[in-house]
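Q: First residue of the sequence shown? That's 361 in the working numbering, and the numbers climb one at a time after it.
The set of hints was computed from the structure by calculation and includes no laboratory data. Quick reminder that beta carbons are idealized off the backbone N, C-alpha and C, glycines included. A hint or two may mislead.
As the list claims (entries may be wrong) - Distance ranges between label pairs, derived from CB positions:
no. : residue 1 : residue 2 : range
1   : Trp369    : Gly549    : 44 to 50 Å
2   : His533    : Glu371    : 23 to 29 Å
3   : Leu519    : Leu375    : 32 to 38 Å
4   : Ser467    : Ser575    : 48 to 54 Å
5   : Asp436    : His566    : 17 to 23 Å
6   : Gly549    : Asp448    : 39 to 45 Å
7   : Ser595    : Ile492    : 28 to 34 Å
8   : Pro536    : Ser423    : 20 to 26 Å
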Amino acid sequence: MHSTNGSDWRERTELLIGGSGLENLARARVVVVGLGGVGSYCAEALARAGVGSLVLVDGDLVSVSNINRQIIALVDTIGLPKAQVMADRIGRINPACAASPQVMWVSRDNADRLLSPERGSVYYVADAIDSIPAKLDLIEACLKSGVNIISSMGAGNKLDPTRFRVADISQTHTCPVARAVRQGLRKRGILRGLTVVFSDESPIVHQPGPVGSISPVPGAAGLAMAGAIIRSLVSAPAES
């Protein structure tokens, strides 16, 4: 164990996953795309677990409407770039984590560059994008490049955080976002092989307009995503 006197904040984590698990996490580079209610919780959980490098991607600014569900949304962060706020927050949690903010929107034109080996080897991508076209572009780029990806489906109009499941996209149901993603991927010749986090709770819609949200639900989805990535990293073969 790295520490027996409590000076290493990773001590409790090491008791669970061992020294080799900690080393795997510290070596990993994960890209988190979309830093809203789902992605911000995912990114923070990865940093607290000890992931060594995080690329934080979002082109948006923090707004007042984000405060009900996004971990980076505070009174004093309104108007600031989400990617930079997330990177600064991670720096105060785990200074050893190389958190790289990328203030940009992902599209077909730049998804491949985001995964370019010249930028560093990517072990996993966490897709928490709201836009379906951008989500499809990122998923397709990852699958074609052989980069591990886990994608969040819909967290809006849901009230029960216990209804999230990790499954293949082909096994999803009930979720309108998952249905749209399945249809979009089918047009690109992709039927399965994408790991997703989705809720089997029927959407709650009282009136047309913006999607409703509440704090526990997107956070639960983001933590489920982080958990899947961490389990994969911890079980990965050690480098020789």
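Q: Quick check: does the Cβ-Cβ distance between Leu519 and Leu375 fall within 32 to 38 Å?
A: 35 Å, holds
Q: Against the range 28 to 34 Å, how does the distance between the Cβ atoms of Ser595 and Ile492 compare: consistent or not?
A: About 31 Å separates the Cβ atoms of Ser595 and Ile492, which means 28 to 34 Å holds.
Q: How does the Cβ-Cβ distance of Gly549 and Asp448 compare with 39 to 45 Å: does it lie in that range?
A: Taking Cβ atoms as reference, Gly549 and Asp448 lie about 41 Å apart, which means the hint holds.
Q: Assuming the hint says 23 to 29 Å, is it satisfied by the Cβ distance from His533 to Glu371 or not?
A: 41 Å, violated
Q: Is 20 to 26 Å right for how far apart the beta carbons of Pro536 and Ser423 are?
A: At 24 Å between Cβs, range holds.
Q: Taking 48 to 54 Å as the stated bounds, is the beta-carbon spacing between Ser467 and Ser575 within them?
A: 30 Å, violated
Q: Taking the Cβ atom of Asp436 and the Cβ atom of His566, is their distance within the range 17 to 23 Å?
A: 32 Å, violated
Q: Note whether the CB distance of Trp369 and Gly549 lies within 44 to 50 Å or breaks it.
A: 45 Å, holds
Checked against the numbered hints above, the structure violates hints 2, 4, 5; every other hint is satisfied.
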